[in-house]
Each structure stands twice: as C-alpha cells, then as structure tokens.
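Enquirer: Going down the list, the sequences are from chains U and B.
Sequential numbering of the first sequence, starting at 1, is according to the working numbering.
Sequential numbering of the second sequence, starting at 1, is according to the working numbering.
Just so you know, the hints here were simulated from the structure itself, not pulled from any lab data.
For glycine and all other residues, C-beta sits at the position ideal for the given N, C-alpha and C.
Any given hint could be a false lead.
[As the list claims (entries may be wrong)] Below, a sample of chain B positions facing chain U; criterion: calculated Cβ distance under 10 Å:
#1 24
#2 38
#3 53
#4 57
[What the hints assert, rightly or not] If you want the footprint, here are the derived chain B segments under chain U, 3+ residues with CB under 8 Å:
#5 70-78
#6 190-203
[Said to hold, decoys possible] A few chain U residues that don't get close to chain B, going by computed Cβ distances all over 10 Å:
#7 13
#8 44
#9 50
#10 51
#11 75
#12 110
#13 235
#14 319
#15 375
#16 378
#17 405
#18 434
#19 459
#20 494
There are 2 protein chains.
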Amino acid sequence: MKTLPLVTIIEVQATAPSLHDNTADLDRLKNGVRALLSRPLSERNLCIPYKCMGRVAAAFRAGGFRGYAVLSILPWQLDIIDFLPEKTDYLPALALDLGTTHLEATLVDLLTGKTLAHGHIVNRQIEFGTDILSRIHFAERGGDGSGLELLQRAIVESINELAGELVSQVDIPVQEVYALAVSGNTTMVHLLLGINPYHICREPYIPLVNDPDPVLSSEIGLELHPQALAWVLPSIGSYFGGDLISGILASGLDQAEHTSMLIDVGTNAEVVLGNREWLIACAGAAGPALEGGVAKMGMRAGAGAVEHVKIDHDSWQLKVQTIDNVPAVGICGSGLIDLVAELYLARIVDLRGKFQDEFTGQSPEQRAFVREHLVDLDGEKAFIVIPLEESGTDAPVLLTQIDLDAMMRSKAAMYAILTTLTGQVGVEFGELERIYVAGAFGRHIDPRQAITLGMLPDLELETYKGIGNSSLHGAEQILFDEEARLRARDIGQKITYIELNVNQDFMIRFSGSRFIPHTDPKVFPSVPVFS
Amino acid sequence: MKTLPLVTIIEVQATAPSLHDNTADLDRLKNGVRALLSRPLSERNLCIPYKCMGRVAAAFRAGGFRGYAVLSILPWQLDIIDFLPEKTDYLPALALDLGTTHLEATLVDLLTGKTLAHGHIVNRQIEFGTDILSRIHFAERGGDGSGLELLQRAIVESINELAGELVSQVDIPVQEVYALAVSGNTTMVHLLLGINPYHICREPYIPLVNDPDPVLSSEIGLELHPQALAWVLPSIGSYFGGDLISGILASGLDQAEHTSMLIDVGTNAEVVLGNREWLIACAGAAGPALEGGVAKMGMRAGAGAVEHVKIDHDSWQLKVQTIDNVPAVGICGSGLIDLVAELYLARIVDLRGKFQDEFTGQSPEQRAFVREHLVDLDGEKAFIVIPLEESGTDAPVLLTQIDLDAMMRSKAAMYAILTTLTGQVGVEFGELERIYVAGAFGRHIDPRQAITLGMLPDLELETYKGIGNSSLHGAEQILFDEEARLRARDIGQKITYIELNVNQDFMIRFSGSRFIPHTDPKVFPSVPVFS
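With the rest of the complex left out, here is chain U (with noise of 0.2 Å):
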C-alpha cells in the first residue's frame, strides 16, 4: 500500500471559468483537487485555511487554472496549502530530534524519499538552564509568563537557525519547507508550544498535554511554508516523551510478534519492554554519566572525543581511540564504559567501584603501569587516560574517582531499570528477541564492555542492535507514512507507563547493582569477578 506523506501535491487540470460554468474559482479548485482523490483521502473534509486563501486562488489563476495543489493530510481533513504553477522536483520536510541539549535535524523530501540535509545545533535554552529542571523552574520566573516565553523564543530560533543552515546546505528558500514532525521529550514539547511545564516536575507529575492537536509552524514563530504543519510527536508522561515514542516506531518494537526492548539513553535512560501485543515502559535519571555530561571531562560523542580504551595485558599499554582520530579532548559515554571495563578487568578499579593502588599478585609491570597512570589529585585519585602534552586541549584527560562515583550510580540505575521493567512482566532477559538501543549511546557503545560493567544484561552480543538517532528516525518516519502517524498515537493508548520515583522495586534493585558487575555474580557468567 502507498503510504501517506504529511505533505503532497496533486496535479490539477481544471477548466477556465465561463459564462456557462461561473463556479468560483476555489471551489473549482477543491472540486478539482477533489475528483482526483481515492479512497480514504476522498472521505476526508478538503479546506483552505483562510491565511492562504488569496495566495492560493491567485496562483490559481496565473497558471490558467492548471497546476499543482499542495496538500496537508491530516487524519480527518485535507487543507491546500499551496499552489503551484509550475512542477516542482522535491517536497521538503523537516524532521526534527528536540533534544534538552542538543537538536539533531534531517531535510528529507518527501517526493523521492531521500535526505537532503542533515544537521545539529545546541539548544539555545542552554544559557536559561542545562537541564529540564532548571528548564521548568526558569519557566515560572516571575510568574507572568515571561520566563516560558523566553524558552519558547530560544528553542524557536534554535530550531529557525538549524532549518536555515539545512536548506542552504541544498539552496531551497527556508518558505518551501512544508511540513516539520517533531520528536522530543515533553518538557521540550512544552516549552516548544509556550504552555506551562509546571506540574511535570511535581507529583503527581502531570503534564499540561500529551498529544498536542497538529499546530501550524508559523503559530509558534517557525520561519518555514506559512502554512507548514508542525506534528509533534504525542508523550506518555512527563517522563516519557514523543522522542521515546519515535523509538519505538524506528525500532518496529509495536509490530513485532516477539518481546524485545528499547533502550533510549539521553538526558534520561527510557527503555520500553513489549511486542505487538502489550508496551510497558519506563524511565529513570541512569543517563548524564552515560552522556557525557557529568563526567568533568565528559563530552558529547563528537570529534576529539575518546571513543574507545584497551589496556594491552601484556605489554601494558593504554590504547585510546579518539572519535575521528584527532587529539583527545574529552571522554563521551562510550568511551567512558569501555575505560572503566578495562580498568575493572586491569583491576585498578575494583568491584565497588573505586580505585586502587595494589593488590595480591600484581605484576612489576602492571604496578608501573598504575604508577605511570593513577595520580593523586587534590587528594582524591585520578586516571590519566591522556597526559598534558598529547591532550587536545589545556589539561590532561583524566577520569576521577568522583567521575567513577557517578558512572557507577548511573549505570547501577540502568540496570535496575531494566530489571524493574522485566520484573514487572515477569519476562526474562533471556527470552528478548533483540535490545535496541538507540541514540549516539547505542551507535558508540561495546555491548561487551557494559555488560562487563554490569549496566546491560549478559546476553549474545547479537541480541544488542544500535539503531542511531531513533527519536529523529520517527520523526522521519512521521513524514512519510499517515500508518506512522496514527501508530504514534495507538503507541501512547497501548503503552504502560511505570513511575520509577515512588517504586520500591526499583530502589532495592539500584543498591544490588551498585558493584561490578553486580552484588549476585551469577547473573553475570560471563564477567571475570576478582574477590
């Protein structure tokens, strides 16, 4: 079946109005346009928003009453929203990844299917707080509302720059963009559409609205087609946004007949458990270690970033792989679950998590090597992973106990949020027919080197599948198929969402998994324990 993109355009041959036939000349557009559709579209109420009216009947006109109709496709309704007199050899859309920290963008074309462009950029709310907390409490400032509009205007232009640099990267004018579909969290859904974010961070935790009614782009300060559609991907909670959502929809985990599970790390850690029968989902603050932003030397995955680690066991050398080779400048998630891993396998980080020295049958070589690597800092213990003179940047690249401290806090609570979730359904890991995990997380990520840790079950490497940017992949997806819109909306129906903040099930599980890998080994056969 031919999928339904949110935009498309019919060509239209109507004939010129005469004295015989004095149908209006809107009207003999819509029946125009109207005679053309099938089934479903052909049940669907067809309208011309007023603000394009005149623009419309106009190119209407001047191609002679022959063109193309630009159409928006709504579940209920149809709105032309352009006319086109000439052929036109691309539709371009915007697919947008909302993200707290940073906005990941494709221009895809919805005639051909390709990408045109693609993109990222910081959210300019960053300078009002680095966090959704800090986001929410900047919106009640002053209490009149002056607050959440500065937010909306910062991640309104956030959003204007990275569509501006997207088109001119193909040199199509920013107003030919018709149609943007937008995957994000809910607070930043909020602070998008300027509605009050107040009761997401306070229980009961609810948000002013999961599924937004589709808005136009030009309502909120968009700089694209006037009439451009922005579809926002519906939440579940205020925990769980649209860009969970779109996971689900890239990873297909709501159409397949066996049980398989999402792991979406960002600011938070989300992970849906499910199939095409049942969705249970849920999320918890595993995530910022893992990202990079805790860490003080952590970092986003980026170029400079160290990537991946391997301590040479016999020669005792640290190999460290930066991300597109340049000189080190930080460490991003990944990059840090593979240092601690091969700490925790050279047993300079122990199975509490935290550094040591010496310990009964090191080697001479193995103790210069600690010698050479582990420092004292201020009076806390450090890991030189880059020294000074081969640093990218003014300092040496070093992980510090603290660092460690909040790597094994966060992927304790990764862990228990994955038991959790399992243990709520009562299924096993084993029984998963595949882990996706999403996001720069996931496309970075050693399966091998978590469950080392301890933060991913110990499965077949196999079964872990990284899908990149699953919260930008739905929106993509959102463009292209109306199958996709409506799944999106069935997803947030179906699924279960569980509240981790007042679980106790959940607290239990964090504390028993705050060692490497865990306080019952067992669960972990295939991870050397050093008692």
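Since the structure of chain U is provided, determine the placement of chain B on it from the hints.
Expert: Frame of chain U; chain B shown alone:
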C-alpha cells in the same frame, strides 16, 4: 431531533490526576468531553486549537478538573475553545446581515434561543464607494492591495462597533460572544475576508470563492471571543450571495413540496423560484429606486420616511403617513410604490410613467389638486408630497420626473426578472403557493399597490408574505442549527443561477414592462387601464 448550534457547552466532571492516573490535563479534558458525546458528534475529531491550549488548561485546573467546556461544532470536527469553571446563564452569538449600505445584527443566546439585543449601523465602507461596483474598483486602487485592506478594515470596524453596541445593551463582555454567522452578498464577503473581488464584476463574473471554509473571527480582526468562529454563508455566484441563501433558509423554500418564490430587494433585486426538488434564481438591478437609494427624496425605511400615501378621489385630499408619525423627511421604497400607484389611479401619472396635467374627463376638483401639487422645477415636473412648511427637513418632500423614470425602470426590471425566471422553468404565476417578500421592502410594501404598478404579478393578496430581514434570520438559523448550515451548502450545490446580464429574453420582457401596468394589460386584470 435536537438541533446542533454552532457553539455548545458540555458539563465535564473529570477525576483529578494522581500517580495512578497520569493522563495529561488536556487529554483528560478531551476524554471527559468525549465520554459525554453521542452520535453524530462522537464520530467527529475532537481538537483543542493551539491558541487556546494554555487558557483552557489553566481554567480546567482552576476548576478542579470540573466545569463547562465550550465547543465549536463543525461538520467534521469539534473544537474545545474555552473552559468555564462556573455555570453560565447565556452563550451569546452574533447573527449579522452584512449589507452594502447597512449592517443589521442580532445578539442571540444559544442556550435559550432568545434574542438578547438587536441593532444596525451604517457600513463604513460607504466612505470608499456607495455601491458594490465602486467598492470593487476601490479595492484595486494602487494595485498593491492597500485599497482592499482599507475596505476590510472599514467593514471589520463597523462590525466591531455594532457588536460592541449590542453587548453593551445587555452588559456582556464582547469576548463572551462565541460565534458569528455572516450573511452578505458575494462582494461584501470578499471584502470582509480581505480577498480580491476583481473578477466579480468582469465577464465571466467569477468570485474568488463561493463557499469559504470557516474562519476564526479574530483572524480577520474581529473582537469577539478569540476562538469565535465566523461562519460565512456560501454564495452561488458573483451576483447571488449568502444573503439570499439565508433568505431561502428563512423562507423554507428549499423544503417545501409546492413551488414558491422569494423576492429580496436590496441594492439588487434577487429572486428565487423553487421547491424541495429544484431551485432556480436570478438577480438584477431593480433595487436602488425601490430601496430609496435613487430618488432624490429617497431614503431607507426609518423615522420620518413617507410610508403610505392615499389620494381620496372624493375630497381630493392627499393623506400621507410617515414611519413613527413624525414630520416627513423623505420617501422610502414602499412609500414610493404607494405614491406612484396612487398617482396612476388619480391619472396624474400616465401609463408611460410620465406626469400629466390634463386629461379628458378631469373634474374641477381633480384639476385643482393637480395645480396644487404638480409644479414646474427647473423645467422638469415634480409632485409635491409634503410642502416646505410641513416638512421635517428644509425642503419640500417631492417626486421629480427623474425619480419617476428611475422608478419605472426599477418596476419594469422587477417584473421582467420575475417573468424571465418563471419562463425558464415554464411555471405560471398562478401556480405559486406563496411569494415571500424579504427585507424592509417586504415589511412595508402594500402588494396591492405594487400590482397596480405592474411590478408584482396580479395574484390574490394572500399569496404575498413579508418575511422581514431574511438575510439576518437565515444567519440566526445558521447559529442555532447544524441542519441549516448543511442546507445552506446543499442549496449552493442545488440551485441553478440565471445570468441576466447576458439574457436576451430578459431584455425583451424588460421593454414590455415599461408601462403601467404592462404593454399587455390582460396579464393584470385587476388593474384599471386609462387610455
């Protein structure tokens, strides 16, 4: 069956959110509303428009998740446009007859069906042109849309002022007017929407739109409730507007088993013939003289307008009745018809529509009466209706030969229109069940006198029924009843429109009608003929 108004109120009692029910506020409201809907409304898409999300959500929370949702009812969609924490006693909406010269409106209560207030105002566009044609030309001024913009602003300001007057009569804030239904001619609708009327007056006379989709009144600058819909009645063609569709609604012509006729004399004379099976219509310039817009002393039916005239053939006294019984200041359309009919019966106007001083068989009293009233004015004859000393203005109220000529053209056009229309479908006047006469013309006219002049067909007087401002009444029906909204569209689809501007038959009939009562007096058996 209960009728569906354009706006309604639904009492919602939702449970408050909790950790076990984290449905977002607006989704909770929608669920609450949806649960209360039955067919056909339950099958429609339920939306909360972007612009009112914040306001609605805040009110819903403030009311403890209980209160009254205000819904706009579209044929395919329901919009929650407001939320009232407290019960309201009224739900005001505005019905508007958007005339070229005058605007007339009622403020109705959609809860009780009552009329809350009524008023009228001069169309401020008159500053830019008195008739439709001059407005269309003004709209083109400069070629940059600025003329059109001025006209739109003028009409919007007129409506805002009229709405303000009406709400102040009943002390209701104008922001609590939740809907507007507009009934106007095609050009006025174009000017209200600010869309180009250029082709309306140019062959082949094609409007830009006949059936515009509903628009938010705030989008065109109206100061009602920010989400109040403006429902504009559809037009059929350039010279056949929503005002006449309103008339068809108000008369019920489209639902009657037997054939009837509707005559609406405004700036144009618009006539519809038909029944529930078929409708045929035409329009022509028969109006101005009848509406009082052409005659020197012509005026709209209002205080001081000469409304009825009687010449007593015994005492040879002229009896004049004015509206509100105040000193005369002019002659309205019905007064003009009365006057000319009486002058014809007194043989002071001959069958060609010319004043005559003398004729065979004239009595001395008659002659004295003529000498007293028929004067010479700058070489033209004029009949003094009210002498200067009894006039309510600084001049006598009189009828000149020029006025009389205009009147003759109008009456000829009217009868020619009626016969052309019946001729098209082979219906005899005698077959008509009823002739509805709309407008001030219909309210004040004496059909007997119009028959004497040969303006209306020579039928039993009971056939004629005045239905007042049917354009306004139709707009009221639009507010109260979805069936009327759908009927209006159906009428637009069903009606056949005859273009008189290019109709040979009409021109022949027009020539034949330029005598009193007609060149063929046999078609007016009840009217005396003087030779």
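Enquirer: Decide, hint by hint, whether the structure agrees.
Expert: Hint by hint, here is what the structure shows:
1. 24: With a closest approach of 4 Å, the residue 24/B hint holds.
2. 38: Violated: closest Cβ of chain U sits about 19 Å from residue 38/B, beyond 10 Å.
3. 53: Result: holds, 6 Å to nearest chain U Cβ.
4. 57: 5 Å, holds
5. 70-78: Our answer is that it holds, as 3 residues pass the Cβ test (under 8 Å) against chain U, meeting three.
6. 190-203: Since three or more residues must qualify, the claim that chain U covers the stretch 190-203 of chain B holds, with 6 doing so at under 8 Å.
7. 13: 18 Å, holds
8. 44: 8 Å, violated
9. 50: 4 Å, violated
10. 51: 7 Å, violated
11. 75: 7 Å, violated
12. 110: 23 Å, holds
13. 235: Nearest chain B Cβ is 7 Å from residue 235/U, so the label is violated.
14. 319: 48 Å, holds
15. 375: Answer for residue 375/U: holds, closest chain B Cβ roughly 47 Å.
16. 378: Given a closest Cβ separation of 43 Å, the condition holds.
17. 405: Label holds. Min Cβ-Cβ 30 Å, cutoff 10 Å.
18. 434: 29 Å, holds
19. 459: 32 Å, holds
20. 494: 14 Å, holds
The structure does not agree with the numbered hints 2, 8, 9, 10, 11 and 13 stated previously, though it agrees with the rest.
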